[in-house]
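Please take these sequences and the hints and turn them into a complete structure.
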Amino acid sequence: MFLAPSLIGFAMFYLIPFAMGIYESFTDNAIGGTFVGLDNYKELLASGSFRKAASNMFLFTGISVPLLIALSLFLAILLNRPLFLRNWLRTAFILPLVVPVASIVMIWQIFFDWNGTLNAWLHHYGMARVDWLQSDGSMGVLVVMYIWKNIGYNMILFLAGLQTIPQDYYETARIEGAGRVRQLFHVTLVYLTPTMFFVLLISIINSFKVFRETYLLAGDYPYDRIYMMQHFMNNMFFSLDIQKLTAAATLMVGCIVIVVTGLLRVERRFREFME
Amino acid sequence: MKKLNVLPMIALTIMLGAVAAAMLIPILLTFTNSLMTEQEIGRNYDLIGQMTDVAAGGKDAFVNLKILPDWLSLEQYTQLLIFSPKYLRMFWNSAAMVVPIIAGQTVIAALASYALAKLRFWGRDKLFMLYIMTMLMPFQVTLVPNYLVVDKLGLMNHEAAIILPGIFGAFGVFMLRQFMAHIPNAYTEAAKIDGAGQWTIFSRIIIPMVKPGLAALIVLLFVDYWNMIEQPLIFLQDSAKQPLSLYLAQIDKEARGIGFAASVLYMTPLVLLFLYAESYFIEGIQLSGIKG
Numbered sequence: 001m002f003l004a005p006s007l008i009g010f011a012m013f014y015l016i017p018f019a020m021g022i023y024e025s026f027t028d029n030a031i032g033g034t035f036v037g038l039d040n041y042k043e044l045l046a047s048g049s050f051r052k053a054a055s056n057m058f059l060f061t062g063i064s065v066p067l068l069i070a071l072s073l074f075l076a077i078l079l080n081r082p083l084f085l086r087n088w089l090r091t092a093f094i095l096p097l098v099v100p101v102a103s104i105v106m107i108w109q110i111f112f113d114w115n116g117t118l119n120a121w122l123h124h125y126g127m128a129r130v131d132w133l134q135s136d137g138s139m140g141v142l143v144v145m146y147i148w149k150n151i152g153y154n155m156i157l158f159l160a161g162l163q164t165i166p167q168d169y170y171e172t173a174r175i176e177g178a179g180r181v182r183q184l185f186h187v188t189l190v191y192l193t194p195t196m197f198f199v200l201l202i203s204i205i206n207s208f209k210v211f212r213e214t215y216l217l218a219g220d221y222p223y224d225r226i227y228m229m230q231h232f233m234n235n236m237f238f239s240l241d242i243q244k245l246t247a248a249a250t251l252m253v254g255c256i257v258i259v260v261t262g263l264l265r266v267e268r269r270f271r272e273f274m275e
Numbered sequence: 001m002k003k004l005n006v007l008p009m010i011a012l013t014i015m016l017g018a019v020a021a022a023m024l025i026p027i028l029l030t031f032t033n034s035l036m037t038e039q040e041i042g043r044n045y046d047l048i049g050q051m052t053d054v055a056a057g058g059k060d061a062f063v064n065l066k067i068l069p070d071w072l073s074l075e076q077y078t079q080l081l082i083f084s085p086k087y088l089r090m091f092w093n094s095a096a097m098v099v100p101i102i103a104g105q106t107v108i109a110a111l112a113s114y115a116l117a118k119l120r121f122w123g124r125d126k127l128f129m130l131y132i133m134t135m136l137m138p139f140q141v142t143l144v145p146n147y148l149v150v151d152k153l154g155l156m157n158h159e160a161a162i163i164l165p166g167i168f169g170a171f172g173v174f175m176l177r178q179f180m181a182h183i184p185n186a187y188t189e190a191a192k193i194d195g196a197g198q199w200t201i202f203s204r205i206i207i208p209m210v211k212p213g214l215a216a217l218i219v220l221l222f223v224d225y226w227n228m229i230e231q232p233l234i235f236l237q238d239s240a241k242q243p244l245s246l247y248l249a250q251i252d253k254e255a256r257g258i259g260f261a262a263s264v265l266y267m268t269p270l271v272l273l274f275l276y277a278e279s280y281f282i283e284g285i286q287l288s289g290i291k292g
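Protein sequences, first through last, are from chains A and B.
Heads up: the first sequence at position 130 corresponds to 130 in the UniProt record's numbering, and the numbers run straight through without jumps.
Heads up: the second sequence at position 220 corresponds to 220 in the UniProt record's numbering, and the numbers run straight through without jumps.
It is worth saying that the hints were derived from the structure and are not from the lab.
Nothing here was measured: the structure is a model prediction, and the numbers come from that model.
Beta carbons: idealized from backbone N, C-alpha and C, even for Gly.
Be a bit skeptical, because a hint or two may be false.
[Stated by the list, open to error] Just so you have them, the derived chain A footprint on chain B, three or more residues with Cβ under 8 angstroms:
id, segment
1, 22-35
2, 138-152
3, 225-238
Right under this line is the structure:
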């Protein structure tokens, strides 16, 4: 059977651990614990650092995802027009996706440091310097980094979506007297909606994974504003607070499942509507 | 035919070129800074990471990112390659983990995705959905259970703790399933009528047709696993076994002098592979975005 090797490994390293994790979140000890119902969740929700991590996470997703989608869509639309050097430009936008964050993190640190280049510019124009990584500005730094990294990915998806829209639709719209803005909203965006669902999904998922960037930039215990869910989970792991960790993990799984199934349902509704 | 206006085209090209240049700056600066001597780096970025308090009488001192080195020098590279064996070791560690993961995941995912795309059995689409969901989860979600499994297998602090879960990762299954779903069933049915068994259909018809998919998968997996941070951070406490991605995360002030060269060498395999296989890379991303 073709599926067997994959299924065995997949079950062993993902599915079974998954189920175990959910089960453990309802017990009081990792090994041979007794069932305690929702106690772990109560404790978790009462924990200050969990709330901090969760609200940061939602704030980050709420800011970065719409920004990223708007910018990458704009870029894709521009790149889809007649242009010189198109392939070179496209390569340049995708390159950050490939370059490891770890490789360029030193440049970012120097740029955003208290004595760094960004503050030098601010100072030059007579503004007060900001301690970017130790203030609420750190969230902004993270958003910039996330967009820098992911814009190429979304742009590729949007470009593929744009190329599936037949030119006739634009011709028809023009003949009916639609201006550029109307064409954008009534042709481009409507026919791009299936792509949009996927982009939205991937962007949200990737924003949940921004831990890597934060960790490289600011370490295990960064400034409060960018203390993310995964920091919380990693730190719970190292302090052996398994109950809180599995409860947090289960909540996160729940969140992702809701986002995914919700988006898929809306998409199906949309497709039926189009037909 | 619509006539092309050259002027707006030039304006747009320049505008996008500027954006592209801004995006490439961090990469370019890393490269140019890697050609400075350690001394120059030390002199230049000395103030980074220190709080100068202006109110308490400190000077307003700033560090500008230096674009070009005073002297072109390969000192950082020689320091790194000749005098710090740790770096080479970690480079080797990275390779020794990434290569088996890619090889393993590609083979196993190819088999599984054939079943998920072309064979009929009960619960097939539900199972595929399960793979997708798993793929979307952040690493931390399965951290504890994964830890317990690894511990039970006695693999703690062993490279296999990274490699085995990597081999069974869901991404390869997802991507190849999407590629295979686009192959018309007429091909497999025709082969079946000619008396071909499943294995023949898989190896003679499906595999040759998804070669671009395999290439795309290899590129994407390489990028993903060469960059991994979370897994080795948890499972490899022994620094002699850690991959290069963690070396750069832990680089401290003393090592900044060679950090840029370390960064450049670290990203080189990825950038080269990307430039070489860019079309596969793009195709892979686009196809994974289309629902089969």
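To see whether the hints hold, each was checked on the structure:
no. : hint    : in the structure
1   : 22-35   : holds (count 7)
2   : 138-152 : holds (count 12)
3   : 225-238 : holds (count 6)
The structure fails none of the hints (numbered hints given earlier).
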